[in-house]
Amino acid sequence: MYEFFRDLDRRWIFLLMFLAVSVPILAQLQFPEKPTGLAESTFREIDDLPPGSRVLLAFDYDPASEGELGPMATSFVLHCAAKGHRMYFLALWPVGTRMIEQKIDSVLRADFPHLVYGQDYVNLGFKTGNEGVIKLIVSDFPRAFPADIQGTPVSDIPMMQGIRNLLDLDLIANVSAGYPGTKEWIQYAVTPNPSDIRIVAGCTGVQAPLMYPYIPSQLPGLLAAIKGAAEYEKLVMDRYGHLVHAEDGRVSGIYAEGRRRMGPQLIAHVLMVILIIAGNVIYFVGRRREARS
Amino acid sequence: MKRETLVWTIVFVIGGVMLLANAFLRGAGNQYVRVDERAFVNVGTDDDPKWVNAGSDDILDHDAATISADRRVSWKTSSTVDARVWAEAERADPGQRTIVFSLSRTVGTWLAALFTLAILSFLYRDNPFYKSAESIIVGVSAAYWMVVGFWDTLVPILFANIVPELVKGTVMPGISDSPAMDARIKALVALVLGALLLCRLLPKGGWISRWPMAFIIGAFCGLRLIAFLHADFLSQISNSIIPLWVVDPATQTFDIWSSLENITLIAGVLACLVYFFFSIEHKGVVGRTARVGIWFLMITFGAAFGYTVMGRIALLAMRLEFLFEDWLWLVDPAGRHAIG
Amino acid sequence: MQRTVPLLIAIVCGFTMIVSFFIPAAQRSGDDVAEIFNILAAVAFVLGGGNLLKIHLKKVSDQAAGWGYSLITVTAFLLTLCVGLFKIGANPADRYPGHAWSGEYSETGSAFWWIYEFVFKPITATMFAMLAFYVASAAFRAFRAKNTEAVLLLGTAFIILLGRTYAGVILTDWLPDSLSGLRFENLTMTIMNVFNTAGSRAIMIGIALGTASVSLKILLGVDRSYLGGGRG
Amino acid sequence: MNSPERLGRRAAACRLIPIVSVLVPGLAPGLLLVALTLPLLALTRPLLAAPSDAPPAVTGITAADRWGDGGTAVVLEWTVAAGAVPEFFMIERAMSEAEVAGDLATARLERRRAAQRTAMQAVLADRGLDDSILARPMAIEPGLASRLRSVRAEAAAGIDALPDDAFDVARWMFVDRVEADAAQTEYRFVVDRLVRGESYRFRVIPWTGTAAGTPAEAAPVTTTLEPVDISRLWFFGIALVFCGAVVAFILIARSGRPLRVRRIAGLEAIDEAVGRATEMGRSVLFVPGIQDMNEMQTIAGITVLSRVAKTAAEYDARVEVPTARSLVMTTARETVQAAFLAAGRPDAYNEDLIYYVTDEQFGYVAYLSGMMVREKPAACIYMGMFYAESLILAETGNSIGAIQVAGTAQPAQLPFFVAACDYTLIGEEFFAASAYLSGSAEELGSLKGQDVGKIIVAVVLVIGVVLATAGAMAGADSDLGRTLAAWVGFLRDTVLA
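Chains as they are written, first to last, in numbering that gives the first Met the number 0: chain A, 0 to 292; chain B, 0 to 339; chain C, 0 to 231; chain D, 0 to 496.
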């Protein structure tokens, strides 16, 4: 028995890992999520705003990180729509516009058909210039975005009336996969105006460690990787899930994407932990046997 | 050995039959595309063409009836759509031609799935499927980066500055035919160095290829020396200049936790630096400090390991989702294939 | 001659780059050198690709062991090269419909795109995904509490791994608020902000010094091994 | 306000009606009203924006080229009257003729397109058609097409006839926003990222709440180029001290004085690994990372290869070097050939063992994994820049039971090498490896120079931290606290900038 585990063929471990990831996908396993502090504070930042507040949704990511960030973006949009906030979409990444359109299609047009473009949400599209754009909209929004993605001047868009600069918006919700992203929003928008601009963000696992220094004073809410996405998704769906149920009670799969992707993640992490423990048990048993002999 | 071969053959035959049945009975793995036509009309002369998009308002400024067919150009583009979209279009208008089945992309999806399986099979042991996939990727990727280097570097930076007329007339109609002087000089220098580099192929005089290598290594040594000292060295020191006595700005009282954190941070940086010290053997006080330094490094490594694991599992999950969702249609959580 | 001239070239180029950093008029020279390097690297594909062909064709002609795989490599290489260099299946750019060659070589729908999408991407992505298996096997095999260093390494990884799942939340959620610093999520934060920052800072300072020192040795001609000579 | 501008605004008002009604058919009437009033609001905006509480204009504004740079920055200075300090200032730059002309051309084109669309929609509406047929313009019947052609020409001519000032094109471009402080009356701001040798005009507008004061414009200023970048002088000094220390120790070593350095465990392992490979009759695999020759880690890896190859030549072991870059292959061949020559075994050198695989990271890894499993090298040495492939290589190497020594300065990959290899050279140790392996006194001298660098870090760090701590203990409001904070600021922003 001990010998078997000591000389364990690593292919058994590979098989376990394969099962740990594939079974939850095939079974569409979902686990309960117990949202942690950061996801809750992200939720509260958006939820505590009075209905009709203005929320800037900055989608700075691309299809490569869609796996981790897509569910966050979906939940942000759903949450804002459910609360009746006005949504201002923009992107500092060129392909960000595609991500915006995708979420507008799959969430707003599909489940909130009563929302009106130009009144409840507007897609301002992509603007080149990285942090320069952020600096500019902090003081002069219409100069950076004189028109929306279809070229309609902002003066003709009802919900853009009275938007002089970023300080006129109530919250920034940023989904970020790198540069430019959350770090730049914090450095150039929040840091100079700590009392006027608030931001919550969702970012990839690789990015997350770099964001911790900003919590909580500059960054009150952070969703880190797929785990953060799943927790926030749960909070939003628990409170507002009834709004997106179809007549037959079915819910579109996109609203469970985060928790679904967390299934393989959780099992695989637990497997990793078990493997570390098992490895050490074998090591110590082996040491004791050696000592005895 | 014979017996093993037989077992594997049976496994593959049964698996293959099931895959084909899944494909033909359920349409699993089928790919559909939306076809769009792009058409342009030359409203200028043959020598000085002026092209107008036949799908835009601008074409209305010209009398289309008078433009002969040989002055029109058109081609089709296609973009992948979900099977559900195709099914809906078919239901609305049977036999429609805008959203159609794509054989090349369906074959591609199958090929991609088989390659995925071939690579994964290496985990069991080395085998002909893995070897084939490996041979293919070595050939394809070497050529891929050569093509990228040709079209993205050689053509726009080298050729466009050395033979601008030729490049403008063929592949990059948008460039200027009189490039800036400094761009030309740069391109010429690169051309000469490149030619020297290729001297390696000559039977004699291969040593001359050391010149361009010396240029590269020398120049980058200079650049990196400055860049690392300027960016990493100075900025890391600058970021570490923090007070060990932290006062909470809100309450104006001593903040013991933040102070402890800062003290640990500075002590950690200094201890790690002692570990990297080469002049003194790691004994006595220095040895003990270096030991603390190594502890900090180990915690750093543990943290990086833990954080990276999460992303790696997500990568595997994405690959398996491709197999189960896009290829086999075993699961359909987002309702992409649902027909009916 | 064979060794002195290149050494002089390296020294002159290196010191020119250093000096130009302090002279505003020359501060862009680093970008120029980078551009020239890119061109040289692209030219060098001739050497690399030629070598690849030479090795595999030799195997094929010798009928050496596994020559069939070499044949596959050569075929895949030449096919991709032709498809990409001749822009097969790529349409002209919308702005220049009259120039058949003006299109993007990797345009969606072109043959080169097809190879990228259905051959290159799945194989490289799966190779990348293999890491999930290897981290598991490394965790089982290498994370053993042999000494203090190993305990710290695996302990930190353990906390972070657990803290990133539901399991971690359950394990420490009962802690009262006065001990909230010990909850996995807060522990993670302290590890990242204090220990990880200290460790990475020292590593980065060390790397900067090491890089500068190696550069200097080369520019002073102390280390000439890159020229295939000098002391060794 | 002149009449053409009114005309322009009215044209804009006409244009937006169809757009809005397309968007929200149900709400069209209400929105129409909004849409019609918006341009009016826009017209009255200048009137609303200058209420009586607008802050007074700034005085004494000057713009000067910043000395000691590449002609990329201008220093603006201005003052405000005490007691009338606004909330913040907006800095603006006058746009150049070319910029204005470009914007104007774009605006004209857009306006023309919109006017033509509107005119066409009117024609179509008369015939009871909607504008969906415009999606396929080539299919429109000739009679209608010719009618559309004529209204398009009319509309275009109408827009072309408008003078330039009918277009609302900005003449000033936003640069930055400067927060004001009630206790401060003199302000200084550096406008960066300008073009050398250009003439610039700047203006400063004070703002309080939503009210803007009158802009104050500075005299035009031309950016000039200076021979030396003075902002980098401190850095020059620090670099000089460090490089001087390295050079000094190399000279000391040359003079023959013995230098002592500590041992590094991983390095002895390299010779051992090559020896073991020889005994077992198997090869040594050397991987110089996946980056090109412009990366210092690759160069450092090649210098280690040079020693490995020499040892291998002496032991008569086989060293295989697959590379991911063509230039690395070229350089590695030179290096190994020379090493065999130096070891007195030029005949044993085989060029074909150093070969190019592919530039693609995972293609290279796929090849290496397969090759390692098939050829089972006895020792695997990884020295250079690595990314995600580090663990794939190290785990595969482990599975075939090879001795593995790794060295990299890529912090993110160190954990994987540390976990899976027998020995790992961490960061700076990796760069020191070639000096150790060569055993030459000169190269060991350079390591002493690096230690001087570490002493500089420690000294500066301790001084800075002591100053910052003393400042914090003295309190930010005390004079001492302020002075110390200023010193820390000088250290961080000027000396270490």
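Calculated from the structure, these hints are not laboratory results. Since this is a predicted model, take the numbers as computed values, not measurements. There could be a bad hint or two in this list.
Below, a sample of chain C positions facing chain A; criterion: calculated Cβ distance under 8 Å [unchecked claim]:
| hint | residue |
| --- | --- |
| 1 | Phe14 |
| 2 | Ala144 |
| 3 | Val168 |
Backbone N, C-alpha and C fix where the C-beta goes; we use that ideal spot for every residue, glycine too.
Verification of the hints:
1. Phe14: Violated. Min distance 33 Å.
2. Ala144: Hint holds; Ala144 of chain C Cβ to chain A Cβ min 6 Å, cut 8 Å.
3. Val168: It holds, given that the least Cβ distance between Val168 of chain C and chain A is near 5 Å, below 8 Å.
The structure does not agree with numbered hint 1 stated previously, though it agrees with all others.
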